[in-house]
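> Modelling step: build the complete structure from the supplied sequences, incorporating the hints.
Protein chains in written order, with this note's numbering: chain Z, 979 to 1164; chain Y, 979 to 1164.
Hints are computed from structural coordinates only; laboratory data are not their basis.
One should not assume that every hint holds.
Computed footprint of chain Z on chain Y, listed as stretches where at least three residues anywhere in the stretch have a Cβ under 8 Å from a Cβ of chain Z [claimed, not checked]: (1) 989-996; (2) 1077-1087.
Below are the DSBU-like pairs computed for lysine-lysine, each with C-alpha atoms no more than 35 Å apart in a straight line [to be verified]: (3) Y/Lys1046 / Y/Lys999; (4) Y/Lys1112 / Z/Lys1012; (5) Z/Lys1121 / Y/Lys994; (6) Z/Lys994 / Y/Lys1048; (7) Z/Lys1121 / Y/Lys1112; (8) Y/Lys1121 / Z/Lys1112; (9) Y/Lys1012 / Z/Lys999; (10) Y/Lys1012 / Z/Lys1112; (11) Z/Lys1112 / Y/Lys999; (12) Z/Lys994 / Y/Lys980; (13) Y/Lys999 / Y/Lys1043; (14) Z/Lys999 / Y/Lys980; (15) Y/Lys1112 / Z/Lys999; (16) Y/Lys999 / Z/Lys1012; (17) Z/Lys1043 / Y/Lys1043; (18) Z/Lys980 / Y/Lys1121; (19) Y/Lys1046 / Z/Lys994; (20) Z/Lys994 / Z/Lys1043; (21) Z/Lys1043 / Y/Lys999; (22) Y/Lys1121 / Z/Lys1012; (23) Z/Lys1112 / Y/Lys1112; (24) Y/Lys980 / Y/Lys1043; (25) Z/Lys1046 / Z/Lys1012; (26) Z/Lys1043 / Y/Lys1012.
Where is the CB? At the ideal position from N, CA and C, for every residue including glycine.
2 protein chains.
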Amino acid sequence: MKDELHAFYQIFTTTKDAIEKFMNILEPVIQNAKDDHERLYYHHIYEEEEQRLSRLAELIPLISKFEKEKEENSFSPTNNEFNRLLQELNLEKFGLHNFVEHLDLALFQFTDEERSTQLNQMRNVSYQDYQQVKNMLNEINAKFDHNYVDPHAHHDEHHDHLAPPGSSSIAKSSQKKKGFTVGSLI
Amino acid sequence: MKDELHAFYQIFTTTKDAIEKFMNILEPVIQNAKDDHERLYYHHIYEEEEQRLSRLAELIPLISKFEKEKEENSFSPTNNEFNRLLQELNLEKFGLHNFVEHLDLALFQFTDEERSTQLNQMRNVSYQDYQQVKNMLNEINAKFDHNYVDPHAHHDEHHDHLAPPGSSSIAKSSQKKKGFTVGSLI
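Structure follows, in structure tokens:
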């Protein structure tokens, strides 16, 4: 469990930085929007990422706390805080998924080299991180065999057709074939 | 607390139906999208609402369970399940907020009478419901004075400039002036 916690910590710290970079890209676009529709569109995406940033500000220290935990039996469904951690991680799996799509949508519109390079880089990292988080949570849920029912399980089944534009599809298909090994994550 | 739980139950049952109606509007739009960008755009919104629907399928029975609770001391921060309920409600406050914006974005594009009438009706109900949920959670958090820190509190401060297009601004400003009274909610 320690290895997974370390991987979660790295992934969510990385994505926190990426959100901030993405918000910096969006800010001038919102300010210079040509009409209300365009302004609402980018502002809406900005706000969803801002909501995610606030949740990560709570989640990252919680991961960190469990990473330092010495008692192996803390990682148990009888520990309410551990259950909370799993629920939050599951929610942020979808947060990562939605972030990939926000980046994909931005890539359709910010086609200049500077922004598209930056967005593509974040997109590929986030897509890989999403896959890793998904795989790790599947393993953890199976391992603990607790009573936690993934409220998104049905939803997630429909998720492998995430359609990335352009170059990203290569990263996607190679990632898809790679099996999950804890060692490969850190 | 019983009155608020009843109001939450009504609001989230209503919004669950509204999500399904909205997804029905989006489905043919996704199928008939003119290009990949348009398809991803609507598919992304569809998926975010689908995620919310999955969460509500867990939350509504939890509200219902607490609504039937006879012990008044169940509504306490020492009850882990009650804390979980408050956290989920706080998350769905943002779910409702984002839904209002999804509807606003759709209103810019689906301008035919049939869809715009339906979307406007959902938009106004959802906006009022968002305000009620926000007010009720503020009251509850103050009342219980528990250690729960709203991870979105900072974010929410920036939220009163939600900019509705057209007719909806009337509902917004009247709603804003109306104070919170439990009696008015049910």
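> Identify every previously stated hint that the structure contradicts and give their numbers, smallest first.
Result: hints 1, 6, 7, 8, 12, 14, 18, 19, 21, 22, 25 and 26 break, sorted rising.
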